[in-house]
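Enquirer: Taken in sequence, the protein lines are chains A and B.
For the first sequence, counting from 1, position 198 maps to 233 in the numbering used here; every step adds exactly one.
For the second sequence, counting from 1, position 75 maps to 110 in the numbering used here; every step adds exactly one.
Worth flagging that the hints you see were computed from the coordinates, not collected in a lab.
Keep in mind the model is a prediction, meaning the values are calculated, not measured.
No false leads were mixed into what you were given.
Each pair may be met inside one copy or between any two copies, as identical chains are not told apart.
Simulated crosslink set (DSS-like; lysine-lysine; CA at most 27 Å straight-line):
(1) K197 x K268
(2) K268 x K258
(3) K63 x K115
(4) K213 x K268
(5) K219 x K258
(6) K77 x K213
(7) K197 x K258
(8) K213 x K197
(9) K219 x K197
(10) K219 x K268
(11) K77 x K258
2 protein chains.
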Amino acid sequence: MQTGILYGISVGPGDRELITLKGLRILKESTVVAFPAGIGGKPGFAQQIVGQWLGSNQIQLPLSFPYVNDSVALAQAWLKAAEQVWQYLSLGQDVAFACEGDVSFYSTFTYLSQTLQQLYPETVVQTVPGVCSPMAAASSLGIPLSVLDQRLAVLPALYHVKELEIVLDWADVVVLMKVSSVYKQVWQLLEQRQLLEHACVVERATRSEQVIYRDLSNQPSLKLPYFSVLIVKVTQSSN
Amino acid sequence: MQTGILYGISVGPGDRELITLKGLRILKESTVVAFPAGIGGKPGFAQQIVGQWLGSNQIQLPLSFPYVNDSVALAQAWLKAAEQVWQYLSLGQDVAFACEGDVSFYSTFTYLSQTLQQLYPETVVQTVPGVCSPMAAASSLGIPLSVLDQRLAVLPALYHVKELEIVLDWADVVVLMKVSSVYKQVWQLLEQRQLLEHACVVERATRSEQVIYRDLSNQPSLKLPYFSVLIVKVTQSSN
Numbered sequence: 036m037q038t039g040i041l042y043g044i045s046v047g048p049g050d051r052e053l054i055t056l057k058g059l060r061i062l063k064e065s066t067v068v069a070f071p072a073g074i075g076g077k078p079g080f081a082q083q084i085v086g087q088w089l090g091s092n093q094i095q096l097p098l099s100f101p102y103v104n105d106s107v108a109l110a111q112a113w114l115k116a117a118e119q120v121w122q123y124l125s126l127g128q129d130v131a132f133a134c135e136g137d138v139s140f141y142s143t144f145t146y147l148s149q150t151l152q153q154l155y156p157e158t159v160v161q162t163v164p165g166v167c168s169p170m171a172a173a174s175s176l177g178i179p180l181s182v183l184d185q186r187l188a189v190l191p192a193l194y195h196v197k198e199l200e201i202v203l204d205w206a207d208v209v210v211l212m213k214v215s216s217v218y219k220q221v222w223q224l225l226e227q228r229q230l231l232e233h234a235c236v237v238e239r240a241t242r243s244e245q246v247i248y249r250d251l252s253n254q255p256s257l258k259l260p261y262f263s264v265l266i267v268k269v270t271q272s273s274n
Numbered sequence: 036m037q038t039g040i041l042y043g044i045s046v047g048p049g050d051r052e053l054i055t056l057k058g059l060r061i062l063k064e065s066t067v068v069a070f071p072a073g074i075g076g077k078p079g080f081a082q083q084i085v086g087q088w089l090g091s092n093q094i095q096l097p098l099s100f101p102y103v104n105d106s107v108a109l110a111q112a113w114l115k116a117a118e119q120v121w122q123y124l125s126l127g128q129d130v131a132f133a134c135e136g137d138v139s140f141y142s143t144f145t146y147l148s149q150t151l152q153q154l155y156p157e158t159v160v161q162t163v164p165g166v167c168s169p170m171a172a173a174s175s176l177g178i179p180l181s182v183l184d185q186r187l188a189v190l191p192a193l194y195h196v197k198e199l200e201i202v203l204d205w206a207d208v209v210v211l212m213k214v215s216s217v218y219k220q221v222w223q224l225l226e227q228r229q230l231l232e233h234a235c236v237v238e239r240a241t242r243s244e245q246v247i248y249r250d251l252s253n254q255p256s257l258k259l260p261y262f263s264v265l266i267v268k269v270t271q272s273s274n
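Please model the entire structure based on the sequences and the hints provided.
Expert: What follows is the structure, given as C-alpha cells:
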C-alpha cells in the first residue's frame with residue numbers, strides 16, 4: 036500500500052484570510068490535520084487560523100513542541116511527533132501540518148519532516164509556501180520592505196549584538212525576527228547609530244492583537260511578545 | 036465625495052492557487068483591477084494569475100512600466116500610471132493593483148503608490164501581503180530556506196560581484212533575486228568558494244514552466260529568464 040503524503044501548509048502570519056487557496060484546498064482534502072499544540076490547554080496559533088475550515092470528519096492531531104533551547108528535549112519531541120504522524124501516513128492517509136508563517140522560513144515543520152525522513156526514508160513531503168512575517172509586518176506598517184537595489188538581511192533571533200553591528204554596516208534593510216529577548220541591547224545599538232527613528236516594531240503582525248511602534252526613539256524598554264518583528268531601514272531610500 | 040482606496044494585492048509567484056483568500060476577496064470586490072501591462076500584446080504575469088477570477092463588470096486597467104534602467108523614463112511611466120489610477124479613485128471607485136510576488140518586496144507597486152501619494156496626498160493605500168519568490172523557490176526545491184539561528188541575506192540583482200563576496204562572508208543563506216544578468220560572474224565566485232554544489236537556481240518558481248537546477252557545478256553558463264532565483268547555502272546546517 037502506498038503511504039500518505041505529509042503536506043507542510045503555510046497558513047500565514049495570523050490573519051485567517053492570509054492562507055493561500057492552495058493551502059486551504061489541501062488542508063480540507065487531508066484526512067488528518069496536524070498543528071503545534073497550544074500551551075495551557077489553549078489552541079495554538081496555527082490551529083486558531085485553520086480551525087474554522089476543518090470538517091467534523093477530519094482528524095485533528097496536536098503535536099507537542101516545547102519552547103526550549105534544550106536540544107535533547109527538542110529531538111525527543113520531534114521523534115514523538117514523527118511517530119504520531121507516521122501512524123497515519125503508514126495507513127495511506129495524508130497528513131497536512133498547519134504551520135504559522137511560511138513553512139520554509141525558520142519553521143518547526145523542517146525538523147518534523149526531516150525527523151520523519153530519517154526514520155522512514157519513504158516519506159513523501161510536499162510544502163505549500165505562504166506569507167512570512169516580514170512581509171506581513173511591512174504591509175501592516177504601510178511601507179515597502181525593500182526596493183530597487185537594497186540589500187536585505189534577516190537575523191533570526193539575536194543572541195550576540197555583534198552580529199547586528201556587522202549587518203548594520205552591510206545591509207540597507209535589516210529584519211530582526213523574534214526580537215523580544217534582546218530588545219534592550221538592540222535599542223542601545225540603534226541609538227548609537229542614530230537609527231531609532233528609522234526602526235519599527237510590529238507585534239503579532241496581522242492578528243487582531245497587532246501592535247505597531249513606528250519610531251523607537253522613546254521606547255528603550257518595550258516588553259514584547261515572542262512573535263515580534265523589528266525592521267530597520269539603515270539606508271534612507273527616496274522610495 | 037470620498038475617494039476610492041488603492042489596494043496593492045500580492046498575487047504570489049506564479050501558481051494561480053498561491054493568492055491569499057484576502058487578496059482574492061478584495062480583487063473581486065474592486066471596481067477596477069490594474070496590473071502591469073504585458074509585453075508585445077501578451078498578458079502580463081500578474082494578469083495571467085488573476086484573469087480567471089475577474090467578473091465581466093470589472094474594469095481591467097493595464098499599466099505600462101518599461102523594463103529599463105532609465106530613471107526619467109521610469110518616472111514618466113509611474114506618473115502616467117498614477118494619473119490613470121487617480122481617474123477612478125477620484126470618482127470614489129476602488130482600484131486593486133495585482134502585483135506578482137509580494138507587494139512589499141522589490142515591487143513596482145511601491146513606485147506607483149508613492150507617485151500617487153505625492154500627486155494626491157489624500158490617496159488611501161492598503162496592501163495585502165503574499166507569497167514572495169524566495170519562499171516559493173525553497174518550497175519547489177523541497178528545502179528549508181532558513182532554520183535555527185541562520186542569517187539570511189537577499190541581494191536584489193547583482194551589479195557588483197564584490198557585494199556577493201561581502202555577503203558570503205557574513206550570511207548562512209544567500210538569495211540572489213533576478214540573477215540572470217550576472218549569472219556568469221556569480222558562478223565563478225561560487226566556484227572559488229567551493230559553494231557550487233550547495234547552490235540552486237529556480238526559474239519561474241511555481242509556474243508551469245518552472246525549471247530547477249540543484250547543483251550548479253556543471254552549469255557555468257546558464258541562460259536564465261528574468262524571474263530566476265538563486266539560493267546558496269553557505270553554512271551547511273544539519274537541518
